[in-house]
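Student: What follows is the residue order along each chain.
Number of protein chains: 2
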Amino acid sequence: MANIKEIARISGVSVTTVSRVLNNHPYVSDDKRNAVLNTIEQLNYRRNMNAVHLITGRTKSVAVIMPLIRIYYFSIIMEGLAQEALLAQYRLVLCQTNYRPEEELKVLEMLRNKEIDGVVIVSTSLKPEVIEEYTAYGPIVTCQNSGESRFSSVYIEHYAAFRHGLQYLADKGYRSIGYCDGRKHGSSSSIRQSAFRDFHRESGLPLHEEWMIFDCLNEEHGAALLHRLSAMEERPEAIIVAGDHVAAALMIEAGKQGIRIPEDLAVIGFDNQPIGKLLGLTTIDNKLFEMGAAAFQTIHEQIHGDGGSQPVHRKLDYELIERSSV
Amino acid sequence: MANIKEIARISGVSVTTVSRVLNNHPYVSDDKRNAVLNTIEQLNYRRNMNAVHLITGRTKSVAVIMPLIRIYYFSIIMEGLAQEALLAQYRLVLCQTNYRPEEELKVLEMLRNKEIDGVVIVSTSLKPEVIEEYTAYGPIVTCQNSGESRFSSVYIEHYAAFRHGLQYLADKGYRSIGYCDGRKHGSSSSIRQSAFRDFHRESGLPLHEEWMIFDCLNEEHGAALLHRLSAMEERPEAIIVAGDHVAAALMIEAGKQGIRIPEDLAVIGFDNQPIGKLLGLTTIDNKLFEMGAAAFQTIHEQIHGDGGSQPVHRKLDYELIERSSV
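Chains as they are written, first to last, in numbering that gives the first Met the number 0: chain Z, 0 to 325; chain Y, 0 to 325.
Keep in mind the hints are simulated off the structure, nothing from the lab.
Note that the coordinates shown come from a computational prediction; the quantities given were computed from them, not determined experimentally.
Hints should not be assumed to be uniformly reliable.
If several chains are the same, the list does not tell them apart, and a pair holds so long as it fits within one copy or across any two.
Stated by the list, open to error - Mimicking DMTMM-like on lysine to aspartate or glutamate, the simulated pairs with C-alpha atoms at most 25 Å apart in a straight line are:
| no. | residue 1 | residue 2 |
| --- | --- | --- |
| 1 | K255 | E209 |
| 2 | K105 | D29 |
| 3 | K31 | E156 |
| 4 | K314 | E102 |
| 5 | K276 | E252 |
| 6 | K113 | E289 |
| 7 | K4 | E108 |
| 8 | K171 | E156 |
| 9 | K31 | E128 |
| 10 | K31 | D170 |
| 11 | K59 | E209 |
| 12 | K183 | E128 |
| 13 | K105 | E78 |
| 14 | K59 | E78 |
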């Protein structure tokens, strides 16, 4: 701050005027602006942006809470966020938390400490009540359906999308359907489990508990999944897999074992990943890039909005993409 | 700052003392520290971290210049960076630049403006001379071999790694070898082109210009590559492909077309991606996660080091992983 004072003294203006010039504030006379700019040029002064942030109360930074970057689902949302941030000239502070609540809380504390202007939560292990406490300090947007919460959300309806996939399989004549997901206790996967059980109860199709398989996060798990299905006495005719990369690995392993897709096993994936397209995988496109872009647009509007801190809930459409694996 | 002044007034201490307490500075008497802490508790004052940054001159943030997140190569480096940043309690400011030099310069300006403590450049379109100008303002680490430059680097030797792959193919008896890469004019791909030409000149094997294929960045390009090779009058017996996801797509398309790997076409990839492992793709593991981790460790040492700003150049080892595609 000493530097700003010095510039003010040499320019013969107030400190307030200097900070207005630094921030392109309109209410500064041309004479004063020129005096300040000349002094700055003489002193070759570079502004310390921390002083600017302190004065403006804005950092033009948004933090992103994300468990793991290398998961396709997360990396594509991140790319959508990053594209919009670049357009808006905002910076993203990436907080890879591995679902550790203490790390996620630290990011929310950054909002309280005014280090960032808002937080986008791509996926979290925190309860909504905990997140709500921080809405007093600035806007928060999640990429999960947060219902009636006091923070905003941009989401697809996992329940409807998942039931759509199940109904599609039933309409194609499959009577026994399995299901594979990542974390068993995640908020999206809990919703998918409900959809799976509700669908079976309402359709009257048989539900085998062993056909619900969890902890399938990567390609190795996808290959192991095929072997697990093969070893079952009674295996499902079709399977719906949350994550095209897992479904793709299952398909590749099936090819090695002489199991035909879809004749011996029909497969629907999630995410519309490039590898799935190559393999002819039917999938549910949950518009990840669009979700990231919409999440940034929403937080940006909330930061700049003068309509107070009313939460916004934006539902995005999913799309079933038919290929040859069903 | 008004808040800090107020706390100082109520506590009966100087502003300096308040800021020392906020920053856990040792030279504060217990009496004064307690007085300040009591006042803060009474006022429920949360420190504005921008004030703390201004006072300490540290932001505990490092910016990362990265063209695109969704490319496997970049996302794994990012994950290595993020893991180490989490351990060191640093934040990463992600700057997805799409190789736009004006955006890359803005990130370097953040270093000059003291908004961040250092910059990691994963890949850039800026010339080394331009980057060197910014070393006066703080540490910079690149993930490319920067030779004798004034900024640091953590890298694998793409030239040696690529020649190793070519020699491996020659040793297996392949006499005609093709090459596929992403950007033609990138710094790493320029090095690989040199390696490809030098290898052919020194080994005496025939080099066909049409066997050097560029702009293969994604899975679709990989599938198209197979068709391009199939359409050649004289096609190579083997191909080395920068990017396992492109090589994997080529292999999957070959399977559809009845082209046998390696009997009709041998393939070596780069990056050791999970999809390549599933397909039995022989690859050169360029240790991307380790590179990201080492890049963060290096910038962290440079931020906290008292040995001045001497650049460090760390070479990491690559590894040829033999599977069944050669």
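Student: Run every hint past the structure and note whether it holds.
Tutor: So, going through the hints one by one against the coordinates:
no.: 1; hint: K255 <-> E209; in the structure: within (24 Å within a copy, 33 Å between copies)
no.: 2; hint: K105 <-> D29; in the structure: neither (44 Å within a copy, 27 Å between copies)
no.: 3; hint: K31 <-> E156; in the structure: neither (56 Å within a copy, 55 Å between copies)
no.: 4; hint: K314 <-> E102; in the structure: neither (28 Å within a copy, 32 Å between copies)
no.: 5; hint: K276 <-> E252; in the structure: both (17 Å within a copy, 11 Å between copies)
no.: 6; hint: K113 <-> E289; in the structure: neither (28 Å within a copy, 33 Å between copies)
no.: 7; hint: K4 <-> E108; in the structure: between (31 Å within a copy, 23 Å between copies)
no.: 8; hint: K171 <-> E156; in the structure: within (23 Å within a copy, 53 Å between copies)
no.: 9; hint: K31 <-> E128; in the structure: neither (50 Å within a copy, 37 Å between copies)
no.: 10; hint: K31 <-> D170; in the structure: neither (74 Å within a copy, 75 Å between copies)
no.: 11; hint: K59 <-> E209; in the structure: neither (49 Å within a copy, 48 Å between copies)
no.: 12; hint: K183 <-> E128; in the structure: within (21 Å within a copy, 51 Å between copies)
no.: 13; hint: K105 <-> E78; in the structure: both (23 Å within a copy, 19 Å between copies)
no.: 14; hint: K59 <-> E78; in the structure: both (18 Å within a copy, 24 Å between copies)
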